[in-house]
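Trainee: Keeping their order, the protein sequence lines are chains A and B. For the first sequence, the residue numbers in my numbering are 16 to 132. For the second sequence, the residue numbers in my numbering are 180 to 290.
What the hints contain is simulated information worked out from the structure, not anything from laboratory work. Worth double-checking, as some hints may not be accurate.
Below, in silico cross-link-like pairs of lysine-lysine (DSS-like), each with a Cα-Cα straight-line distance of 25 Å or less [claimed, not checked]:
id, chain 1, residue 1, chain 2, residue 2
1, B, Lys205, B, Lys249
2, B, Lys205, A, Lys57
3, A, Lys56, B, Lys205
4, A, Lys81, B, Lys277
5, B, Lys277, A, Lys56
6, B, Lys235, B, Lys277
7, B, Lys249, B, Lys277
8, A, Lys35, A, Lys70
9, A, Lys29, A, Lys81
10, A, Lys79, B, Lys277
11, A, Lys79, A, Lys35
12, B, Lys249, A, Lys29
13, B, Lys248, B, Lys235
14, A, Lys35, B, Lys277
15, B, Lys205, A, Lys35
16, A, Lys70, B, Lys248
17, A, Lys35, A, Lys57
18, B, Lys277, B, Lys248
Because the structure is a prediction, the values reported are computed rather than measured.
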Amino acid sequence: GAVVSQHPSRVICKSGTSVKIECRSLDFQATTMFWYRQFPKKSLMLMATSNEGSKATYEQGVEKDKFLINHASLTLSTLTVTSAHPEDSSFYICSARGFGRTNTEAFFGQGTRLTVV
Amino acid sequence: SQQGEEDPQALSIQEGENATMNCSYKTSINNLQWYRQNSGRGLVHLILIRSNEREKHSGRLRVTLDTSKKSSSLLITASRAADTASYFCATVSPMDYKLSFGAGTTVTVRA
């Protein structure tokens, strides 16, 4: 299957700082990338959908000014958690789909464990 | 948004036994997918079943889909300790093709 690389896998930051998480599709062009948040022992909650070259579409209740998403190229999307607070601590996962593959499987990154202290 | 409900929430079985988990959903779908997640890791795609399919097999996995009942099941046969993980169903909307995940079933296979 296709490979999606997410970096970093773990990050600890101080409250009030910003953290950037990268999601790269390594062997295919990802026209659409998705960002999820997962709480312990819970399901994945879709935060936003990003399409290359256009603004991300955020799900209801997700603050777009806090969770900045950029999908500048067909292989890279970034999620920046701005002015992080302890309640932002969570597991963040990205996934990607290739061009024309809207109804097939998505490929997931390894996830990023964010801890805000 | 979360669409599916999975049952059971947790399952503990002996190696060699079969594991069955169920997923119910609420709205129409284009397809339904099952994913596996090892603790603290990303998700791995297992199998996809389209809305016009009723059953699909892949190795030791068997998935069924009943669109009239809006439900699906995943059967893992002859389980192994390495099958220990959380399993999630995810539905794909025919409107926007977003993946919506169920709550997941945590499977523990005892050696």
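Trainee: Failing hints, ascending?
Mentor: 12, 15, 16
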